[in-house]
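Input sequences plus hints: build the corresponding full structure.
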Amino acid sequence: MPNDTSHWDTAHVLHNKNTQNDPYTAHALHAPLARNNIFTETLQTAPVIRLLHITTSLDTVLDAGNLYTSAGCLVGTVYCVPTQQTADGLRAHNLGAYIYKHEVGMSLRQKGLTHRTISPLIIEATVPATMKRANKGIDYLKLGKVHLKTFHELVQHLQPTRRRELMTQVKRDIAQSNDFWRLCQDVRHEVTSPGSDTASFFEALCRAIPSMPILGYIYFEAIIEYITLHSKDEHTMHTARQDELNCWAYKTFIYRVQPTLLQCFNLADFQPTMSTVRQIAAQMCDEGLLDVDIDAMLDAVKWRVSDLVLDRLLGAASADATFDQTQSFDSLAAHAPDLVGHVIDRSIRRREGYETFCHSFDSHKAAGAWQYWTANNILFPYYGILPKGEVGINPAANVPHRVYLAKARMAGNDLYVEKDTELPLQVIPNLVHAEHALMGLTSKTA
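Residue numbers (the working numbering): 8 to 453.
No false leads were mixed into what you were given.
Cβ-Cβ distance ranges computed for the label pairs, FRET-style: (1) ASP276 x ASP318: 22 to 28 Å; (2) SER13 x ASP337: 18 to 24 Å; (3) THR363 x GLN334: 25 to 31 Å; (4) GLU241 x ALA303: 16 to 22 Å.
Simulated from the structure, these hints should not be mistaken for lab results.
All of these numbers come straight from a predicted model, not from anything done at the bench.
Note that CB positions come from ideal geometry on N, CA and C, so glycine has one too.
Put into structure tokens, the structure is as follows:
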């Protein structure tokens with residue numbers, strides 16, 4: 008297999024004014040903001056970067072004495088949003104405004120944790136002029152080979168029975184999805200076949216997700232990409248004038264089509280039917296919260312899901328995407344490493360008995376990310392599929408920083424924050440257990 012650096016290179020995306028959008032986004036209304044926007048520009052050039060982190064566990068954080076990183080789409084950093092200095096004060100990215108005003112409160116109410124306090128923190132990083140910076144984001148859908156390599160490096164930590172059980176299940180899940188792989192090929196190559204029409208495709212996708220959970224993530228990404236890049240609603244146009252991609256429309260949409268995401272943000276279960284997608288989109292358009300051509304959106308999601316499946320999951324194996332569960336695990340991994348890696352990553356999270364291995368898996372992967380980021384001068388890794396405001400700080404880069412409790416105020420839909428009390432905290436390269444992260448927090452871990 009290629010070395011670890013090549014895996015990490017593949018999973019990172021450069022966003023600047025010269026970046027070319029792919030065919031699905033090139034002609035979108037907000038395509039220029041997908042190439043370059045104020046937040047990616049600021050991360051590259053500003054001498055002082057102020058990131059907003061929102062926690063509901065400040066007491067626990069203070070007891071620990073440090074800010075631990077979390078896994079998820081950013082792999083191993085503290086989940087933050089950027090801020091911009093304006094004439095009216097330090098304005099958080101619109102993603103932060105939505106999280107603060109809506110998402111955290113809704114999530115806590117769903118979990119029965121209304122006693123918790125929402126605490127905004129400002130991480131103020133001062134970048135020395137001599138410190139190099141690379142402006143790269145991470146595409147977690149391209150982490151398949153990283154997942155597989157991590158598994159190979161840690162597999163001896165699994166009991167032999169667990170190891171065999173996992174490998175057998177991975178082969179079974181992939182083989183059971185053969186019909187869907189072929190359907191994606193038909194869509195890409197414009198082959199008219201049973202199930203290739205949009206309605207049948209959505210039905211096939213929703214049937215495939217329970218045994219192939221990574222498809223829930225791909226479905227999610229296809230929907231939010233379309234909404235973010237194409238909606239013409241008033242708030243999206245307002246954030247575009249602020250040089251930001253809007254997150255409010257897609258956030259509102261996903262929580263309406265699947266409210267259970269507020270309990271635990273597990274996209275492995277994301278499988279709204281086409282009728283639900285159409286119904287919620289129509290409601291939001293009527294309310295002025297969304298402005299898209301719904302039929303065009305549904306058709307675009309079909310094409311985008313197919314494209315992401317073939318490129319991110321199957322890769323070179325897309326030309327021969329029929330799998331036999333009787334073949335050896337090693338031959339399957341050699342033939343379709345991205346697919347096998349993603350299936351392993353999802354499998355260890357949804358089956359009992361792998362909890363300890365899962366945390367070791369995430370920690371090992373995060374250590375690889377920290378090493379890559381530091382070697383490549385990535386100080387502020389961000390979500391790179393679309394630069395829509397999710398960003399962190401490289402905990403291993405030794406960027407000088409201070410942490411402050413913030414005062415927050417809403418002005419319409421804009422969130423402004425200002426530094427208040429400095430807190431004795433530092434971001435360190437240590438991964439918090441997933442169940443203690445904000446969107447993974449449940450009443451059981453409260």
